[in-house]
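Q: Build the complex: two chains, separate frames, hints provided.
Top to bottom, those sequences are chains A and B.
Letter by letter, the first sequence follows residues 221 to 333 in the numbering used here.
Letter by letter, the second sequence follows residues 12 to 128 in the numbering used here.
The hints are simulated quantities; they were obtained by calculation from the structure and are not laboratory data.
Beta carbons are placed, not taken as given, at the ideal position from N, Cα and C, and that holds for glycine.
There is no bait here: all hints are sound.
Taking lysine-lysine and the DSSO-like style, the derived pairs with C-alpha atoms no more than 27 Å apart in a straight line are:
hint, chain 1, residue 1, chain 2, residue 2
1, B, Lys64, B, Lys30
2, A, Lys297, B, Lys52
3, B, Lys52, A, Lys280
4, B, Lys49, A, Lys332
Restraint ranges, calculated between C-beta atoms of paired labels, are given here:
hint, chain 1, residue 1, chain 2, residue 2, range
5, B, Lys20, A, Asp325, 23 to 31 Å
6, A, Asp275, B, Ala91, 43 to 51 Å
7, A, Glu289, B, Thr16, 35 to 43 Å
8, A, Glu235, B, Ser70, 41 to 49 Å
9, A, Ser278, B, Thr16, 26 to 34 Å
10, B, Arg124, A, Thr232, 25 to 33 Å
11, A, Thr328, B, Arg124, 12 to 20 Å
Chain B residues, not near chain A, derived (Cβ > 12 Å throughout):
hint, residue
12, Thr27
13, Lys33
14, Ser76
15, Cys79
16, Ser97
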Amino acid sequence: GDSVTQMEGPVTLSEEAFLTINCTYTATGYPSLFWYVQYPGEGLQLLLKATKADDKGSNKGFEATYRKETTSFHLEKGSVQVSDSAVYFCALSGYTNAGKSTFGDGTTLTVKP
Amino acid sequence: DTEVTQTPKHLVMGMTNKKSLKCEQHMGHRAMYWYKQKAKKPPELMFVYSYEKLSINESVPSRFSPECPNSSLLNLHLHALQPEDSALYLCASSQEGPSGRGNQPQHFGDGTRLSIL
Chain A
221 GDSVTQMEGP VTLSEEAFLT INCTYTATGY PSLFWYVQYP GEGLQLLLKA TKADDKGSNK
281 GFEATYRKET TSFHLEKGSV QVSDSAVYFC ALSGYTNAGK STFGDGTTLT VKP
Chain B
12 DTEVTQTPKH LVMGMTNKKS LKCEQHMGHR AMYWYKQKAK KPPELMFVYS YEKLSINESV
72 PSRFSPECPN SSLLNLHLHA LQPEDSALYL CASSQEGPSG RGNQPQHFGD GTRLSIL
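Bound-form chain B, shown alone (with noise of 0.2 Å):
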């Protein structure tokens, strides 16, 4: 079982719509992740959060919008996507954040797979 759980787990959703994904670990990790993942292709790195505040922002569109209401939960706000967008997007976690030393695995969720009409 995964320990960190992502809902919803299918999204479907017009051009115009707005939803919000949510990602949620219980192991005490201080820092989150937001990835984007195409088919055959390795995770892109979206936004880091370490200790709840935004650390890293890999100039992502400004339609996609982090939320790090506290350190279990982040969430991720999408208005006005565009089909290319349609992507599986993947919520990580991790002990440590930029500020470490790197030798901390990433925890990943399984993932919304995100389809825009």
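Next comes chain A alone, as it looks inside the complex (with noise of 0.2 Å):
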């Protein structure tokens, strides 16, 4: 079946630094490819999103570009703030599965000042 790995977190960054996530996936046929973030008490937001391959999703700074090559989907974004601290989440869905999105554990992201 599908299935969705990403980096083991929490991840500790400096206000500033660069930050990359890793995201690779297992899927049937081609599948899109979703970036979620969860702040603390809310629920998940989509971040960004990729249909095709080669595709790159963009929003707010962050980038995460569709590597059919490598099954990879890792997050990017060059200067952190503070107020990305959150839990980051990979999730795909496709045309075997387009009920049901398969995500990936989170990865805890804490910016320090």
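A: Structural data, given as structure tokens:
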């Protein structure tokens, strides 16, 4: 079945540091890929998405590129802020399971001033 | 502001109580979902409604009973819950459901934090 593997956390960075959170997936066909963010006390929010190979999703300074050759969708940000502290989930959804998103385990990011 | 509204935000109930969680969206989305989320874990899918019909039940115990009165509303009726059911319950919606391509994101509410005494 489909699966998503995220780098283990927690991740602690200083403000203005570069962020990478790795995400790799296993799926049949050509899934769509998503990054969701969950701030404390809130639900998940879509951060960005990509629906086909080589697509780059971007939002709020975050970027991720759909790499089919390496089955990856790594999240990056050039300069993190304290307000980026949250849990980040990589997820996929596709034709074979459109009603079900497969989530990674989540990566907790803490940014210190 | 979240476009999916869940009430109540917090709920404490005994194991013999009956209560309901409510979810509302006005984005015209055709699919609505219930998830259960434990601390520091990803959401676990419970139910999916597509065009107001139950299309996916992830083998959820019968003490959880979903209901979709119309295309904007989703309820989760709770009865005789167990302490291990304490969790954050998230509602979500999306433009497409199980018959779609899977390229539409889900929009989540902020959840109901449920505690079973």
